[in-house]
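Asker: Here is how the chains run, residue by residue.
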Amino acid sequence: MNHIISVLVENKAGVLAKISGLFSRRGFNIESLAVGPTDDEKISRITLSVNAEEHSIEQIVKQLYKLINVIKIQELDPLNIVERELVLIKVSADSKTRPEILEIVSVFRANIVDVGKKTIMIEITGNSSKVKALEDLLRPFGILELVRTGKIACSRGSKS
Amino acid sequence: MGKIAGAQMIIKCLKEEGVEVIFGYPGGKVIPLYDALFDSDIRHILVRHEQGAAHAADGYARVTGKTGVCIATSGPGATNLVTGIANAHMDSIPIVAITGQVGTAQIGTDAFQEADITGIAAPITKHNYLVKDVKELPRVIKEAFIIASTGRPGPVLIDIPVDITTDLIDENFKVDISLPGYKPTLKGNLKQVKQAAKKITESKKPVIFAGGGVISSGASDILRKFVKVAKIPVITSLLGMGSFPETGELSLSMAGMHGTKYANLAFTEADLIIAVGVRFDDRVTGKLSEFAPNADVIHIDIDPAEIGKNIKVLIPIVGDAKIVLTDLKSEYEKYIEKKGIPDREQWLSRIKKLKEDYPLKYDRNSNKVKPAYVVEKIYELTKGDAIICTEVGQNQMWAAQYYKFTKPRTLVSSGGLGTMGFGLPASIGAKIGRPDKTVIDIAGDGSIQMVSQELSTAVTNKINIKIMLLNNGYLGMVRQWQQIFFKGRYSHTCIDNSVDFVKLVEAYGGVGFRVKKKEEVESAIKKALEINNLVLVDFWIDREENVYPMVAPGSPISEMLESEMLEGV
Numbered sequence: 001m002n003h004i005i006s007v008l009v010e011n012k013a014g015v016l017a018k019i020s021g022l023f024s025r026r027g028f029n030i031e032s033l034a035v036g037p038t039d040d041e042k043i044s045r046i047t048l049s050v051n052a053e054e055h056s057i058e059q060i061v062k063q064l065y066k067l068i069n070v071i072k073i074q075e076l077d078p079l080n081i082v083e084r085e086l087v088l089i090k091v092s093a094d095s096k097t098r099p100e101i102l103e104i105v106s107v108f109r110a111n112i113v114d115v116g117k118k119t120i121m122i123e124i125t126g127n128s129s130k131v132k133a134l135e136d137l138l139r140p141f142g143i144l145e146l147v148r149t150g151k152i153a154c155s156r157g158s159k160s
Numbered sequence: 001m002g003k004i005a006g007a008q009m010i011i012k013c014l015k016e017e018g019v020e021v022i023f024g025y026p027g028g029k030v031i032p033l034y035d036a037l038f039d040s041d042i043r044h045i046l047v048r049h050e051q052g053a054a055h056a057a058d059g060y061a062r063v064t065g066k067t068g069v070c071i072a073t074s075g076p077g078a079t080n081l082v083t084g085i086a087n088a089h090m091d092s093i094p095i096v097a098i099t100g101q102v103g104t105a106q107i108g109t110d111a112f113q114e115a116d117i118t119g120i121a122a123p124i125t126k127h128n129y130l131v132k133d134v135k136e137l138p139r140v141i142k143e144a145f146i147i148a149s150t151g152r153p154g155p156v157l158i159d160i161p162v163d164i165t166t167d168l169i170d171e172n173f174k175v176d177i178s179l180p181g182y183k184p185t186l187k188g189n190l191k192q193v194k195q196a197a198k199k200i201t202e203s204k205k206p207v208i209f210a211g212g213g214v215i216s217s218g219a220s221d222i223l224r225k226f227v228k229v230a231k232i233p234v235i236t237s238l239l240g241m242g243s244f245p246e247t248g249e250l251s252l253s254m255a256g257m258h259g260t261k262y263a264n265l266a267f268t269e270a271d272l273i274i275a276v277g278v279r280f281d282d283r284v285t286g287k288l289s290e291f292a293p294n295a296d297v298i299h300i301d302i303d304p305a306e307i308g309k310n311i312k313v314l315i316p317i318v319g320d321a322k323i324v325l326t327d328l329k330s331e332y333e334k335y336i337e338k339k340g341i342p343d344r345e346q347w348l349s350r351i352k353k354l355k356e357d358y359p360l361k362y363d364r365n366s367n368k369v370k371p372a373y374v375v376e377k378i379y380e381l382t383k384g385d386a387i388i389c390t391e392v393g394q395n396q397m398w399a400a401q402y403y404k405f406t407k408p409r410t411l412v413s414s415g416g417l418g419t420m421g422f423g424l425p426a427s428i429g430a431k432i433g434r435p436d437k438t439v440i441d442i443a444g445d446g447s448i449q450m451v452s453q454e455l456s457t458a459v460t461n462k463i464n465i466k467i468m469l470l471n472n473g474y475l476g477m478v479r480q481w482q483q484i485f486f487k488g489r490y491s492h493t494c495i496d497n498s499v500d501f502v503k504l505v506e507a508y509g510g511v512g513f514r515v516k517k518k519e520e521v522e523s524a525i526k527k528a529l530e531i532n533n534l535v536l537v538d539f540w541i542d543r544e545e546n547v548y549p550m551v552a553p554g555s556p557i558s559e560m561l562e563s564e565m566l567e568g569v
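For the record, the sequence lines run as chains V and R.
Going by my numbering, the residue at position 160 of the first sequence is 160; the numbering climbs one at a time, nothing skipped.
Going by my numbering, the residue at position 243 of the second sequence is 243; the numbering climbs one at a time, nothing skipped.
Heads up, some of the hints might be wrong.
[Stated by the list, open to error] Some chain V residues near chain R, calculated using beta-carbon distances under 10 Å: (1) Ile5; (2) Leu8; (3) Val9; (4) Glu10; (5) Ala13; (6) Gly14; (7) Leu22; (8) Ile43; (9) Arg45; (10) Gln59; (11) Val61; (12) Gln63; (13) Tyr65; (14) Ile71; (15) Glu75; (16) Lys132.
[Stated by the list, open to error] Only pairs whose alpha carbons sit at most 27 Å apart, straight line, appear in this in silico BS3-like list of lysine-lysine: (17) V:Lys66 x R:Lys487; (18) R:Lys377 x R:Lys407; (19) R:Lys312 x V:Lys62; (20) V:Lys12 x R:Lys142; (21) R:Lys361 x R:Lys487; (22) V:Lys42 x R:Lys383; (23) R:Lys66 x V:Lys66; (24) R:Lys517 x R:Lys368; (25) V:Lys72 x R:Lys361.
Don't read these hints as lab results, they were simulated from the structure.
Note that CB positions come from ideal geometry on N, CA and C, so glycine has one too.
So that you can see chain R by itself, here it is in the shape it has in the complex:
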C-alpha cells in the first residue's frame, strides 16, 4: 500500500465527497495543502479576501443544494472566515471550512499566525474539529460533510495543523465514522401529523408559513401540491422566498418588518398557522405578544430547539419538511375524503381583498430612478428566471418586495445575520454553481464597498455576474431609521462621492455604465444582460427613497408605516 501525505489525503477525501470547486486563499500553514491541490482537478477559485471565500461557498451551496467548501490559512485567514461562517450558521447553509493551523507542537504557544479558531468558531458552527493525528483525516472529513448537509444544515469547520498535512498515511486508510450523538429526526411523528391534518380541516382561516427549511429540504414541490389540494394561502419568510410561486393568487409573499401588509394582516387574522421550516425570527413576528393573536400554531421543523423557542406551539412536528409535508398531504386527503372539503370561500375572498387593498406601492409617476422600478424591470427582463443575490439593507428589501420569486434556490440573501458585503461574493459562488443561469447581484453602494475587491475574483475567473447597483450615496437603511426615528439626524450615513463605480469596475476589467434617468433603466439592464463580461450598472436612484411598508421596532406587525404617512416628516 502506498503512502501519501495528509494534504493529498484531504484532496482525496474531498473528491470522494464529490467536491468540484473550492473557494480559498493560500497562506503559510496551508502551503502543503495547496501543493496537493495543484495536482488535483478540483477547481479552485482564488478570492481576494477570505470572507469572500466563505460567502462564495455559501452562495454556491444555496443555489446547488450541495455543500460549499472554503479554505483559509491559520490565524488571520481563519478569522477572516468568521463572518462568512456565522452567516451560513444563521441561515442553515451547508459549508465545510478548512483552516490551516500552526503545527501540533506549537499549538497554545501564541505562535506566528496562530488563532484558536475552533474556540472562536464554536458558537457559529454546527460542529468543528481540530485534527491532531493524520489518521483522523478520512473520518473527520467524512463526518464533516455528513453533519454539514444533513438534519438542519450548517457550517462545519475543520482546523488542520500544518504537520498533519505533511505526515504520511496509507493511501487506503479508512476509519468508520462515529457519531453516536447525531441522529436527526427525519420522519415526523404520525400521530401528530394526523392531529395536524384534523386541525387543518377544522380551521376556517389557515395560513401556511414557509421558510428556508422548505427550500433546503427540497419540499417546494410537495408544498405546491399540498396547497393545490388544501387551498391555503402561503406566506414566506425572506429565506423561504421561491418555495412557493409569488405569482399565484394564494401567495401572500413575505411577511415581517418590510413584508407585504396583506401577509402581516393575514397572520393577524388567521386562526391557524402551519409553519414549515421557519424559526419565527423577530424580523417576522414584530412585537411577539401581539403576533398572530388568534392563531394556533402547527410547527414543522427538523430542529426541535426551534419549536416553542419564540412562540407557543399547539402541534409540534419534528422532522424533515419534505417527508412531513408528504405525510401531511396524504393524511389531509384521507380526512377530506371522509369529512368533505372544508369551506374556506370566505377566508380566500378575504385574502383576495387584502391583496387588492394593500398592494406594494411606490410613486410610479416619478421621473426619478425609483429602486422599486429598477427591480421590477430586472424581473421583467429576466422573465423571473434569474438567480437574484442581494446585499443587505434597503437594496435587499426592494429586491425581496419587487422581484417575483417563483422557483426555489433563486434568491440568495443574508437573512439571519444580515451581512453587508454578502451579495457580491455570494453571486460569484452562485454563478459557479449555476453557470447556466443569469446571476444578478442587486447591490447597495454601502454593502458592495465592503467586498469590492472580489470584482477581481469575478473578472479574472470570467464569472459573468451582473451587478445592479442601487446607488443612493447613503447607508440607506440606517439613514431611513435616522429619518423616521432619530429626527433626521444623519449621523455618519452619507457616503456620496465615495467612488466612481464605473471606473472601479473598469479598473478590474469589467464593464460599467451609469444610469441617471428613468428612461435609460430598461435599455441599461438589457445591455448588461447581453454583454459577455462582468457588468456593473450604477443606478443613481432617488436618494432618500425609503422601504415601505415598515413595522416600527417593538410594534405589532399589523401596524405598518406607509410612505404617505411619513414623507415630509
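So here's chain V without its partners, still in its complex pose:
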C-alpha cells in the first residue's frame, strides 16, 4: 500500500542523507521524495512516498523518530489530503500532431511552457492519477523526457 509520510527535520547538512540511508539499510524503498524549507528556515519538510505494508510503515516511522534531527513525523491519511506533484513532459510534436497535443493539454488544464521546432514542453500539476492519465495520452506522440518533483501533500482542514 502507498503511504505518504511528512517529516519535519532540522535544516542541517547531512540530514537528508541520514534519512535516505535509514531507508536503504532497513530494506525500505522510497518511491518519491520532496524536500524544502518550511516557513521557519531552521526547519525543512521532507515528503516521502513509500510503498509498504502497515507493519513496515510503523517500523519506518519509529526508526525515523530515532534520528536526532527528526522533529515530527506525520503519516498522512490519503483520503484527507491535498496531494500534488509538478511534472515537466517534453513530447515530440510536429505541425501535424501539435493541434491534438494542445487539445489534450487544455483538457487537463496543463500549461505549455516551451515550444521547439519538433518538441513541446508541458507542465502539469496535480495528483498522481491525473499526471498518469496525461502521461498515458501523450505517450503515443513520443515522450522525450519526463521530470517530476516528487509528491508533496498537506492534510485538509485545521489539522496541522
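Based on these hints, arrange chain R on the given structure of chain V.
Answerer: Leaving out everything else, chain R in the frame of chain V:
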C-alpha cells in the same frame, strides 16, 4: 575574556562532562588536540590500535555506567574505530568517539588521510557531528554526551577538522544546546502499567525476561524487589546477565541458542512474558514463529522501535526500565492487596522441576581440561565477585553458562555484534573503570589474536588484568558448526601452533604460564589472581569440546541439541 584554541576548548568541555580517562591514538589531524591533552589532568591510555580504544571505552562504560571516550585521527584512525563503534551501537553502550578530520578547506578533495567518517558511521552511531565552526564545539560536545548517555544509550561520533582545533574561541563561549527532535520517554504510560499489573496477577505461568536495558537503567535493584513480591521466575539475555542473581531459585539464567534448556522450556510453556529492556534478538528467540507459542507479551523498553519489531506485543510500555518497574511494582502491590496473591505454586514447582531435570552438564569425570571446569573454578576462586570480560565464540558461551553472575555490570561481553577481539581491550577499559575489582578476560585463542597488541597497552599502563585463555587451537565455534552441520569438514578453522602464548605475553612484559592438566587448573588460577601483573594462563583445553545445549539455526528454542545426542557423530 581570554581566547583559547579549539583543542583546548575540547579538553575544557570534556572535563566539564566529568571525563576522567580517554582511550586513544594520536595522528596527523589530532596533533593539536593531543597537544592540549598534554597539559590536562585527564588520563590518556595509549592503545596500540584504534579498535582497542573504542572497545576499551566500551568496556569502561559497561562497568561504570559512565560515558566512555575515545580519540582517533582522521582516515585510517577513524575507520579503525568503526568495529568498536558498531559494537557499542548494537549493545546500546554510551561512548563518545572523537575523530580528527582534514581541514575544512580540504574536505571532499580526497586529501591525505581523509575519510567520510560521519557518512561511514551513520548507520552505527546514535548520532554524529561534523564540526564546521569552532563556535559549535561547546554545544556539540554537550549534546553528544547527552545523546550518548540518555534514552537508549549509544555511541556518538564527533568529527573535528584540524583547523577547528587551532581556531581561537572565547574561553567562556557558550551556546545553548538545541535538540528539538530528541525527547526520550522515561515514564511509562500509567494506564498501560496498570493493565500490565492486572495481566500479571491473572497469569498462571509468567516469566520475566530481563535484558541489558535493566542494567543500563540501573533497574537491577527494583527488579529484585519486584520479583521478591511477585515471585516470578527470571530469564535473562546475555547482556542482561547480572541484572538478577543467578544463584537464586527464581533465576533461570540465560535463554537462547546456548542458553539453559530450562529457560528455553520456561519460555515455551509460559503464558506471559514480562520483557524488560530486551529486543528479542534472533539468538534468543530461535525460530520466531514457534517462540513462546502460549505467551502474551508485556514489553517494557525505552526504544519504541523495539516494541513490536520482532514479536507481537499485547501491552507495550515505552519508558525507562527503572521508572516503569517502580510503577509496576506499586501497581501490582495495589492489585494483590485487593485481589489477593495469585497462586503460582504449580508453576514454581514446574520451574524447579525443569531446573532439576535439565541442568547444564559436561563430563566432570574427564581427565582432560574441560573449559566448563575452568570457568567454574574461576567462579569459585573469585567468589563470584570478579568482572568477567569475554571474547566471542565458545569461550563467551562457556563463560555465560558456568560463571554465576549476581551483580549488574559484572559481565562485559559483545552481544549484538559478536565482535571477536573485544574482550582484551574491553577488559583494559573495565579495569581502569573499576581498579578495585579483579578483572578477568575469558579468552579464546582465535579472538585474542585479533587484538594481542593490546597486551602492550595493558602492561605498559600497569593494568593488571587476568587473561584466562581457553586454548583449543581452533576457531572453536565455527569448528563446532562445521562438525555438526557440515559433516566435520574443518575448513580453515584449525589454528593450532599459531603462537606460544606464554612467550608472547612474556615478550610484552606480562606473566604467562601453561596448564595442560586438570589438577593444575585450580592452583594456576590462584597464582594468576595473586600476581601483581598482567597474567595470561594458557589452558590447553579439550580440543573438540562443544558448547551444549544448542539450538540449531532455524529451530525453535524448545528443541535443543545436547552433547550425548551428538558426540561421535
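Asker: Can Glu10 (chain V) be said to touch chain R, with a Cβ gap under 10 Å?
Answerer: Holds, because the Cβ-Cβ distance from Glu10 (chain V) to chain R comes to roughly 7 Å (cut-off 10 Å).
Asker: Quick one, is the Leu8 (chain V) hint okay against chain R at 10 Å, beta carbons?
Answerer: Hint on Leu8 (chain V): holds, closest Cβ of chain R at ~8 Å, below 10 Å.
Asker: Given the hint that Lys12 (chain V) pairs with Lys142 (chain R), test it: the Cα-Cα distance must not exceed 27 Å.
Answerer: 18 Å, holds
Asker: Mind checking the CB of Arg45 (chain V) against every CB in chain R and telling me if the closest is under 10 Å?
Answerer: 13 Å, violated
Asker: Once the shortest beta carbon distance from Val61 (chain V) to chain R is found, is it less than 10 Å?
Answerer: Check passed: Cβ of Val61 (chain V) comes within 9 Å of chain R, closer than 10 Å.
Asker: Is Lys312 (chain R) close enough to Lys62 (chain V), meaning Cα to Cα at most 27 Å?
Answerer: 16 Å, holds
Asker: Would the stated hint for Val9 (chain V) survive a check requiring a Cβ distance to chain R of less than 10 Å?
Answerer: Cβ of Val9 (chain V) sits 7 Å from chain R, so the hint holds.
Asker: Would you check whether Glu75 (chain V) satisfies its interface hint, that is, whether its CB is within less than 10 Å of any CB in chain R?
Answerer: 15 Å, violated
Asker: Taking the least C-beta to C-beta distance, is Gln63 (chain V) closer than 10 Å to chain R?
Answerer: At 5 Å from the nearest chain R Cβ, Gln63 (chain V) passes the 10 Å test, so the hint holds.
Asker: When the nearest CB of chain R is found for Tyr65 (chain V), is that gap smaller than 10 Å?
Answerer: Status holds, d = 7 Å.
Asker: Does the nearest C-beta of chain R fall within a distance shorter than 10 Å of the C-beta of Ile71 (chain V)?
Answerer: Holds, because the Cβ-Cβ distance from Ile71 (chain V) to chain R comes to roughly 4 Å (cut-off 10 Å).
Asker: Hinted pair, alpha-carbon criterion (27 Å max): Lys42 (chain V), Lys383 (chain R). Please report holds or violated.
Answerer: Violated: Lys42 (chain V) and Lys383 (chain R) sit about 57 Å apart, past 27 Å.
Checked against the numbered hints given earlier, the structure breaks hints 1, 9, 15, 16, 17, 22, 25 and satisfies all the rest.
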